[in-house]
Every structure is written in C-alpha cells, then in structure tokens.
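**Q** Letter by letter, the chains look like this.
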Amino acid sequence: MSDPHESAAPVSDERQGDRRAADRHDAEGLNAVHMEASAARSRRGLWLAGGLILACLLPLLLSSYYLGLVVKMAIFALFAMSLDLLIGYTGLASLGHAAYFGVASYATGLLALRLGWGVWFALPAGVLVAGLTAAVFGLLALRARGSYFLMITLALAQVLWGIAFGWRSLTGGDDGLPEVPRPDLGLPWSLADNTPFYYFTLVIAVLTTWLLARIVSSPFGHTLRGIRESEVRMRALGYDVWRYKFSAFVLAGMFAGVAGCLYVYFNRFVSPDYMHVARSAEVLLMVILGGAGSLFGPALGAASIVLLENVVSAYTERWLMVLGIVYVLVTLFAPEGLTGLARTLFKSRGRP
Amino acid sequence: MNFWLIQILNGVSFGMLLFLLAAGLSLIYGLMKILNLTHGSYYMLGGYVGMATVRATDSFLLALVAGGLAVAAIGALMERFFLRRFHLQELPQTLLTFGFLFIFADLALWIWGGNPESMAKPALLAGSSRLGALSYPTYRLFIIAIGAAIALLLWWFQERTRFGAMLRAGVDDEEIARALGINVSMLFTVVFAMGALLAALGGVLAGPIMGVYPGADFEVLLLGFVVVIIGGLGSLKGALVGGLAVGLLDNFGKVFFPEFALFTIFLPMALILAVRPTGLFGRE
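The listed protein sequences correspond, in order, to chains Y and V. The numbers in the numbering used here rise by one with no breaks, and the one at position 318 of the first sequence is 361. The numbers in the numbering used here rise by one with no breaks, and the one at position 242 of the second sequence is 231.
Next comes chain Y alone, as it looks inside the complex (with noise of 0.2 Å):
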C-alpha cells in the first residue's frame, strides 16, 4: 500500500542528486549523466506501476481485517508525510502536528453527524478548517525559534486537546463522537465495508501524494530545502522566508487535515486522544523513524509502526513501553532512519 507514496521522494531526491552531479561533471560526463538519470526515472516509473498494480489487486490478497490495517497504515503515511514538509523539508520541528489532524477529524465528524453533511463537503470543509487553524497557530508560533517553537506548537496543539476534553456539549467530552457514518458516494457499493473503503481511501492517497510530489519538487519546494540548509542565505537572496515558512505550516495543516477526516470516516469514532501530545509525538517518530527529507521515508515510518502497534498490542499491554524503547533505540542507531540505514548498508555493499 505504501507503494504509490514510492514515487515522491526518488523523484525529487534523486532529480536534485541528478542536478548535483550534473553540475560536477564536465560537458562529456554530462551525457552519460542524462542516460543515467533517464534510466533511473524509467527504473522508477516501473517500480511505480507495479505498485500501483499490487495496491489494486491487495483486496484480493488480504482479508478484510488485514486491509483494514493497510487502510490505516495509508492514513498515517498521509498524515507523516505532511509533518516531514515541515520537518524533512523546511527544517521546523513541529510538537504538536496532530492538532490539525484532530480538528479535521472532529471537523468532518460534527458536519456528518449533526448535519448530515456528504463526504464531497464535509472533507473539504475539515481539511479547510485544519487550514485554518494551521494558519492561527502558524501566526503564533512562526513568531519564536528553535525551543520556543517546539513548546509552542506542543502548548497550542494541547489546548486543543483540552477544548475537546472540556466542551462536552460539542465534543462529547471524553467520551468522544461514536457512530460517524462512513461516507456515503452514491455507488452501488457500501463504503461500510473495507474493500470499498480501501479503494476510497487509496484514490484519496494517491491523489495528495502526487499532489505533494509535486510540491515537494517544485520551485517552492526547493525554497523550503533552502530555507532548512540556511534561512540567514535566503533571506539574504531575497526571498519573504516567513512567508514560505508560513506556507509550508498552512499546507502541512491541510495534509494532515485530510489525513484526520479519512481517519475519522475510516475509525466511525474522534475523541480527545486524536490530538494529544502522545499523538503528535508519534506522528515525529514515524518521520524520523522512515527518515526524514523523503516522502517515502515518513511513509515506511508510519506503516511500521502501525504494523508494529498492531503485532505488540496482541502480545501485551505495554505498548506504550514498548514505543519509547523505539524512540530511544532510532535516537542511539538509526538517527537517519530506515531509509538512512539502508542506503549505508546499500553503499558498504556496493564498494569493492
């Protein structure tokens, strides 16, 4: 299912190590360059492909409850991706990202139940309203630096949390928004059952993937990479670097908007736990976990540890342990992430 996540961080990573390289070599390297990178593109298209194909064909494969799972795994891959744009690539370390994903949530499960507003309004409207609040919040806490951001964007996320524990008339306090009707599409088949959501939610996936891909790799992207190597440079040049930073915190607050609205649609429940610290804590450890900088890397982070929360939590109650040895453990020996690890294990191989 993570698959077609694939296709975002080669492209721009390897585009931009392409340009690298390009810029090293001399007039009659370049060609061969050109073929390499070419051959790399339609390596990643194939790759790309079979993805797309496999993630298609996984209902066939997989039972009911293991799509479920990969339903999950998707959304929290949607949701970690959107915090690397602001980690991986503008370089702010953001505590308290499940905020949007959480109001988004309660956002599009308010407008379903009480309204009884369709998925086609109640979805954007979440996403509008994780937009917004991103916005507010962005203004605050664009203001500070380093510590001062981390503990501001921790201190708003949880006065969200403490509105939705408090305003039980809304929210419904602790006990959270049970029974969220899953989205109703006007098909013949129930969004009820998994196999139909599952396709709802990956067209839904692909879609903002591509749609990050693309943002990830264009002009302003790479704006956002030079304002995490060096904002003094930047500004330097010219460029409005708040106003990029505060892009970056509006659109990261919409992906994982959209990430919180699939998840609320896909749960059929929202309580206060959605936007806790311990969730905006998990969300940074999938980014760090995958590695940071990619698209893909949050992705594999996030499906691991959905992966691993589902096979620990059918041993044991200790899960919550169990997360903070990994923290530990990826701080000690995997700073760079899974996919950091792997390309120094690839590279030792590969040298003779």
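Treat the hints as calculated values from the structure; they're not laboratory data. Ideal Cβ positions, reconstructed from N, Cα and C, are used throughout, including at glycine. Honestly, I wouldn't trust all of these hints.
One-sided excerpt, in silico: chain Y residues whose CB lies under 10 Å from chain V [said to hold, decoys possible]:
id, residue
1, R188
2, I206
3, R211
4, V320
5, A335
6, L363
7, M364
8, L366
9, V373
10, P378
We have chain Y already, so just place chain V on it with the hints.
**A** Only chain V this time, still in chain Y's reference frame:
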C-alpha cells in the same frame, strides 16, 4: 474579601509547585539548551515514590528525600548515558526525552495502576491556621513557605557560591568556561540531577493536595512550558514570576470558567508571545 484571599493563596501555593517544576526546566535549558520533555515525568515519579514512602514509613520527610533522590538519580543517568551524546542536537534530544516520557508513564502505570492515588498530609501540617479572621489549610501555607525558601536558596546558590559562578559561566559561554578549566561535564550532570530533584520535590509536595495520578506528567509538562514561555527560558526570576502568574491564572480560571479553564492560561501566553517571543525575562 475572604473569598479572594483564599483564592489568591490557593493560586500562589499552586504557583510555587509550578515554580519548582519550571526552575529545573529553565536551569537545564539555560545551561545545556535541552528542552526536557521528561520533566513532567520527574514530577509524577516523585509523587509516586513519595506516596509509596509515606505509606511504608509514615514519614513525609523521608518521602521528600526518597522521591527527590530517586528522581535525581534518574535524571543524572539520563544525562550521562543518553542526552550527553546529542549535545546541542535538538531533534534527537526531543525524541529521546519523548521516549523516556512514554517509558516512565507506562512504568508508573505498570507499578501503581491507572487509578488516582491519594497521599496523607503530614500530621503536623494537617489542620488549619488562623490568619487574622481567616482560617486556611496549614499544608498550603507550608508549600508557599517551602517554595519561597527554595527560591531564595537557588538565588543564593546561583549568585553567591563558587558552583553558582561556574554555572553562570557555563550558561554565558560554554566554550570559554571549558577553557577556564571549569569541569563543564560534571556541571551538566549535576544541574540535570538538580532540575530533576526540584521537579520531584514539586511532585511529592503536590501529593497531599492534588493526589498522584497517571497523566499528571503531560499535564504539568504543559503547565511548565507555559510558565517558561511566559517567564522566559533559562531565567530563575522568569520561572518564579511565570509560575506564580500561571498558578493564579489557573486557579481563577477554574473558579470562574470551569469549562474553559485552559484559556485563562493560554490567552495571556499568546499575548506575551505576540509581544515578546522569548518571554518576559528570556534571552535569545
């Protein structure tokens, strides 16, 4: 009139607990630039160890010692064996301290279960004291006194002792401090342990009035953050002023707007952020 005085005293006593928490957070940040997300866990663990000690020995003094020292040791170990490897690397530090936050939360849940636990007040301080026409719980007055005493002690320690001078040198310029022959490595461990100790003392002191419960770690971590956002990271004065401000705001918020109590804290925080992004007494 009595109502206001009682509420103010309630706010100040809670503010003193927040000061203990934020002072450690601030000291650690000031010297090592580590934003310690495990700090709320120190408070919670202090509370649990204190509670267990009181139940086993009936001595509140022993509870303070046991809770404080156990958590100080945890802090020292975390600094020595984990955080030290990632000096000035923000993201790994964040992940590590998040990891320990989860580990300690689950450990406490494992050992002490998921229900809130109560803790007996020391017999000597269990009653009320008369303040003029007012009758007020002695234990809360005790918290205010202890908080004020620790604030004075910390100030004296920082401004008047040799170790304090080394600490200030380390905060101002770590490299130069090293070059002057100050043992910065030892300084780091001691200050980290001291910060953990202060948070744990706060947790033990809070036990008899607020109980000890799972989730306290996240709750006070958040309040500690608000305190240092308002007061400024790395400043003791900021921790005291911020702690008292948040204690009072929280208390009056809970009295007047129980459903939206958090807002009375966060609105002022947002306002201060808008005017001074580094807090009242913080330095960039």
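**Q** If you test the structure against every hint from before, which numbers come out violated?
**A** none
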